[in-house]
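Number of protein chains: 2
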Amino acid sequence: MMQTHRSPSDAIPAAHDRVFRALRTRIMHGDIAPGAALTLRGIGREFDVSMTPAREAVRRLVAEGALFLSSSGRVSTPELTNERIEELAALRSLLEVELASRALPRAHMALIDRLQTINASVAEMVAKQDAVGYIRTNLEFHRTLYLRAQAPAMLAIAETVWLQLGPTMRALYGRLRRTEPPHNHRLIIAALKAGDEPGLRLAVRSDVTQGLHLLTS
Amino acid sequence: MMQTHRSPSDAIPAAHDRVFRALRTRIMHGDIAPGAALTLRGIGREFDVSMTPAREAVRRLVAEGALFLSSSGRVSTPELTNERIEELAALRSLLEVELASRALPRAHMALIDRLQTINASVAEMVAKQDAVGYIRTNLEFHRTLYLRAQAPAMLAIAETVWLQLGPTMRALYGRLRRTEPPHNHRLIIAALKAGDEPGLRLAVRSDVTQGLHLLTS
DNA sequence: ATTTCATATTTGTGATCACTTAACGGCATG
DNA sequence: CATGCCGTTAAGTGATCACAAATATGAAAT
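Chain order of the listed sequences is A and B. Each residue of the first sequence is one higher than the last, beginning at 1 in our numbering. Each residue of the second sequence is one higher than the last, beginning at 218 in our numbering.
Since the hints were made in silico from the structure, they are not lab data. Model, not experiment: these values are computed from the prediction. Just to be clear, a hint being listed does not mean it is correct.
Computed spacing ranges between beta-carbons, pair by pair [to be verified]:
(1) 108(A) with 411(B): 43 to 49 Å
(2) 262(B) with 105(A): 48 to 54 Å
(3) 70(A) with 367(B): 19 to 25 Å
(4) 113(A) with 327(B): 54 to 60 Å
(5) 411(B) with 213(A): 30 to 36 Å
(6) 426(B) with 82(A): 29 to 35 Å
(7) 130(A) with 330(B): 51 to 57 Å
Ideal placement from N, C-alpha and C gives every residue a C-beta, glycine not left out.
With the hints as extra help, turn the sequences into a complete structure.
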């Protein structure tokens, strides 16, 4: 029957929020392939909830562009056209260059150390050919930097772009088998150390753009 | 009882979508003041639906940042801090300068004519001191231009920024009683005619930034 | 008159159900 | 062998309900 509302002061999130977060992470990290279909009853079964919270989670994800809603109400992960991918890449570039630029004056040594640690994990994932792990650690690298920008609305929008690209990125990085560690990340870290704003902007732009250019060509 | 699913090929949207669109327009146009509270039962009563579609509409709007969801589940329009307003203004500038720049090479005479017609309506709303009408026609001016950019994802994000600013803009433009017609819109149109990209970028940036700077100072 | 506490009302949450429509499969027909 | 049609199944939609938490109300005490 029911049950509800347990999250006032304690930390237990509402069921729909738990489902939302779990699905969102999966999509952003590329756990789900492009075009994969989801059903409300299926989601409910998996998370042991009824259709109602499953529907709310799906609605939120559709609103963020993480899921595609067909005219008949069916939901699936989006299959992006090349044009759309280019556009989202341009958005990433626009937003993330600005975020990095704003983070630069606040970037102290502790942040740079953390970025280097995360970057080691990224390199490890590349070596292990772990596509999902690569996406996850790569996003963690970027998010850690952008958090310093103190621009929550801008970061939130950047995350919705990542979300829209999630399934496609998985398909991309799952295909191409590269073994080189991320060169642009080193450039980003170097520019942060040097306080070199033009260099930082260029490095972020290159890092964001390069991977997605491979897909469309 | 029930009733459902009527929108396959014909044009009748689902109830939750109708509610969503109606609320979204209200919020974007500044029909609702910042901090105003909404209840699911109240929305359902107004639109003659049950709580279920009302909840879905609200969830979507919360996901877009158009509504604020308190920790106890109450929803209201957001009350923005000055910092947040500055950030959203920076986002508008970033996105809309890019959109205008992309629209420039595709802007033909028919578009410029339409912009001038819309701009006349804007001036009329300013003369009538109609705050809501001003916001509506002003957004129509910008949207008409940006549609030419052929960048739907970018435009969608710009719209979510407008949404977040909606209630606050109403509070702003409701206060300041200006009577001058929009100067920057003329600059935008002139730059479009001349094919002057730097001039266009500057004019859009000024138009987007000026109004919101008044509020925070 | 103000504060405190108990009660009542409001409100969001999640489960369930009836209903309609879209997707799927098999069968007949060309 | 392909194609169109019909019945079955799967899936989304919206109404309703029980419940718990939050808020509002009012009374009592200092």
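Results of checking the hints against the structure:
no.	hint	verdict
1	108(A) with 411(B): 43 to 49 Å	holds, 46 Å
2	262(B) with 105(A): 48 to 54 Å	holds, 51 Å
3	70(A) with 367(B): 19 to 25 Å	holds, 23 Å
4	113(A) with 327(B): 54 to 60 Å	holds, 57 Å
5	411(B) with 213(A): 30 to 36 Å	holds, 33 Å
6	426(B) with 82(A): 29 to 35 Å	holds, 34 Å
7	130(A) with 330(B): 51 to 57 Å	holds, 56 Å
Checked against the numbered hints listed earlier, the structure breaks none of them; every hint is satisfied.
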